[in-house]
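Turn these sequences into a full structure, and let the hints guide you.
For the record, the sequence lines run as chains A and B.
Take 1 as the starting number for the first sequence in our numbering and just add one per residue.
Take 312 as the starting number for the second sequence in our numbering and just add one per residue.
No lab work stands behind these hints: they were computed from the structure.
From a predicted model like this one, the values you see are computed outputs, not experimental measurements.
Careful, some of the hints might be misleading.
To be verified - No farther apart than 25 angstroms at their CA atoms in a straight line, the calculated lysine to any residue pairs in the SDA-like style are these:
1) K141/A / V338/B
2) K141/A / R332/B
3) K141/A / H210/A
4) K400/B / G138/A
5) K141/A / K400/B
6) K568/B / N39/A
7) K400/B / E196/A
8) K568/B / G77/A
9) K135/A / V565/B
10) K288/A / E196/A
11) K400/B / L95/A
12) K568/B / D221/A
13) K568/B / D24/A
14) K400/B / D24/A
15) K568/B / G22/A
16) K400/B / N87/A
17) K21/A / F401/B
18) K568/B / L25/A
19) K568/B / E85/A
20) K400/B / L17/A
21) K568/B / T10/A
22) K568/B / D71/A
23) K400/B / N55/A
24) K568/B / A164/A
25) K135/A / S398/B
26) K568/B / T12/A
27) K141/A / I567/B
28) K135/A / K400/B
29) K568/B / K179/A
30) K568/B / C78/A
31) K400/B / P243/A
32) K179/A / H210/A
33) K135/A / R115/A
34) K135/A / T569/B
35) K568/B / N87/A
36) K568/B / F86/A
37) K141/A / V565/B
38) K21/A / V565/B
39) K236/A / T340/B
40) K568/B / L92/A
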Amino acid sequence: MPALALSQLTKTYRGGLQALKGVDLTVEAGDFFALLGPNGAGKSTLISIVASLVNKTSGRVEVFGHDLDLDPEAVKGCLGLVPQEFNFNLFLPVLEVVVNQAGYYGVPRREALVRAERYLRQLDLWDRRDTEMRKLSGGMKRRLMIARALVHEPRLLILDEPTAGVDIEIRRSMWSFLKDINRAGTTIILTTHYLEEAESLCRNVAIINHGQIAERADIGDLLRRLRTETFVLNLKGRVADLPELGGFVFQHVDDCTLEVEVSREHTINGLFAALSRNGIEVISLRNKQNRLERLFLEMVDEAATPGEGQA
Amino acid sequence: MNRWHRYWVAYNTILVKEVLRFTRIWVQTILPAAISTALYFLIFGKLIGERIGPMQGLGYLDFIVPGLVLMAVITNAYANVVSSFYSSKFSRYIEELLVSPTPNWVILAGYVTGGLARGLIVGIAVSLVALAFTDIEVHSFGISLLVFALTAILFSLGGFINAVYANSFDDISIIPTFVLTPLTYLGGVFYSIDLLPEPWHSLSLANPVLYMVNAFRYGLQGVSDIPLWIAFAIILGFIAVLAALSLHLLGRGVGIKT
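Take a look at the structure:
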């Protein structure tokens, strides 16, 4: 049984904006799924409909087999939502926010306190349990939203830009936590602008653009579609003239740094062998651009200019 | 988990949150009603009231006690729900409830009971102030408490509907200022409508607050301008209509969903 099944989902806002134009999407139970798309593509509308924060115009939403129209309480009971915007009572202490949320799901206070302590400790917020929300930093508020969404132990956790504005250290600790939650059996759907985040966390991805699913695939399969990858090479010595090596296109960044475009038909081993033959020593190498980001941009560009994309 | 047990836990959570909200800021929520009522008793009851003759067979100070208590209940029940629910909309933490499986009627019941609780506490505070000026002899505890509770419920529902439609903090003060206060002042708190000439006497009968004040006065003092059963019918009728409207608005997501 899929964790989430959307069928011909549409949303037209008052004023005529058509945010979703017949979305069909299935997310399997246990998956760690990325929903990507440019700003205004319809990601947040889709999530808000599933979480009952926005009324759909038409279509069907099922969560673990429960129909949102027929049994909304069952759907809501399965879901945990981490929204993009902070939505707290800023004058409440941290612990009360989490315990109240458990109460809304029918978790008795004694049990809610136990669970709140567990999740606040895991997210490094237990020491702040008596602090009012307004006194927390942005990163703490983001982590608290995760604790709040998990306190009723949902089967499906939806995170809308969970690490926006969070520093890299906290972001990585949040990734590690989310991986653990997923391994323990919780299905996770994530929207993010950090494509590195999607690539390192998620197994499957859907790209939404102009209110429609443009692509839905296994991330590995998707990445294999990249025609070329660009690497940045830091060199030991200066290279005045660009080397001419078949299959590789070089560009100068500065005297000691080169960019090289490697097509799918060639390997990094081949690149290094060719560089060695030409007496060029490489100190380090990195991807110029996140691979998923590159693919994402290609897809969005193709959707924007279909004629050029097919050419 | 049993569905009804889940509802009960959710209802209690909303209620406790609401009670903690207004008790934490008691200086803003409970004390002002006690102070302003003390001033009413001092000025209208003691200083001016002693120069006014008896009203419906009661001393003027005794006559205004039920109205002043009920006025505090009405204002505070309304204010509690309108400000609390609108704040939750404004800061978007209403979403905590909307994403949860709490049914709309439980959400409404939680907020309305919060308004009832504030009305009750303020009513007790104002009654204690009244005791400093006069003796309160209760004619019927049952009727007094029933009118008291039903009135608080009715105006809590009114506050809820106001909050649903409100788009700014200005919107939550318009109804109390331009509708609630005039209705309360013209609802027989300070005078018997028998004193009014036509057409004002008949017009006063269209004011629902009049029925509540008179029913409460009957409960406390055994006198009323109007028959008790009409008062109860009107209060219950308004509660039914406002509750149905509130649930309809919640179901449609008016003011809280797009």
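Right, here's what the structure says about each hint:
1. K141/A / V338/B: Between K141/A and V338/B the Cα gap is close to 29 angstroms, so the pair fails against 25 angstroms, i.e. violated.
2. K141/A / R332/B: 21 angstroms, holds
3. K141/A / H210/A: 31 angstroms, violated
4. K400/B / G138/A: Holds, at about 21 angstroms.
5. K141/A / K400/B: Between K141/A and K400/B the Cα gap is close to 19 angstroms, so the pair holds against 25 angstroms.
6. K568/B / N39/A: 21 angstroms, holds
7. K400/B / E196/A: This hinted pair is violated, its Cα atoms lying about 35 angstroms apart.
8. K568/B / G77/A: Between K568/B and G77/A the Cα gap is close to 19 angstroms, so the pair holds against 25 angstroms.
9. K135/A / V565/B: 32 angstroms, violated
10. K288/A / E196/A: 12 angstroms, holds
11. K400/B / L95/A: Distance of about 21 angstroms is within 25 angstroms: holds.
12. K568/B / D221/A: 38 angstroms, violated
13. K568/B / D24/A: The given pair, whose Cα atoms are some 23 angstroms apart, holds under the 25 angstroms limit.
14. K400/B / D24/A: 31 angstroms, violated
15. K568/B / G22/A: Holds, at about 20 angstroms.
16. K400/B / N87/A: 10 angstroms, holds
17. K21/A / F401/B: Violated, at about 30 angstroms.
18. K568/B / L25/A: Given pair K568/B, L25/A holds - Cα atoms ~23 angstroms apart, limit 25 angstroms.
19. K568/B / E85/A: Given that 25 angstroms is the threshold and the Cα spacing comes to 15 angstroms, the pair holds.
20. K400/B / L17/A: 23 angstroms, holds
21. K568/B / T10/A: 16 angstroms, holds
22. K568/B / D71/A: Roughly 19 angstroms separates the two Cα atoms, so the pair holds.
23. K400/B / N55/A: 17 angstroms, holds
24. K568/B / A164/A: Judged against 25 angstroms, a Cα distance of about 24 angstroms means the pair holds.
25. K135/A / S398/B: 19 angstroms, holds
26. K568/B / T12/A: Given pair K568/B, T12/A holds - Cα atoms ~13 angstroms apart, limit 25 angstroms.
27. K141/A / I567/B: 23 angstroms, holds
28. K135/A / K400/B: 21 angstroms, holds
29. K568/B / K179/A: 32 angstroms, violated
30. K568/B / C78/A: Distance of about 21 angstroms is within 25 angstroms: holds.
31. K400/B / P243/A: The given pair, whose Cα atoms are some 63 angstroms apart, is violated under the 25 angstroms limit.
32. K179/A / H210/A: Violated, at roughly 30 angstroms.
33. K135/A / R115/A: Holds. K135/A to R115/A sits at ~23 angstroms (cutoff 25 angstroms).
34. K135/A / T569/B: Cα-Cα ~30 angstroms, so violated.
35. K568/B / N87/A: This hinted pair holds, its Cα atoms lying about 14 angstroms apart.
36. K568/B / F86/A: Holds, at roughly 17 angstroms.
37. K141/A / V565/B: 28 angstroms, violated
38. K21/A / V565/B: Satisfied, since the Cα-Cα distance of roughly 24 angstroms is no more than 25 angstroms.
39. K236/A / T340/B: Outside the cut-off at roughly 73 angstroms; violated.
40. K568/B / L92/A: Holds, because 24 angstroms separates the two Cα atoms, which is no more than 25 angstroms.
Checked against the numbered hints above, the structure violates hints 1, 3, 7, 9, 12, 14, 17, 29, 31, 32, 34, 37 and 39; every other hint is satisfied.
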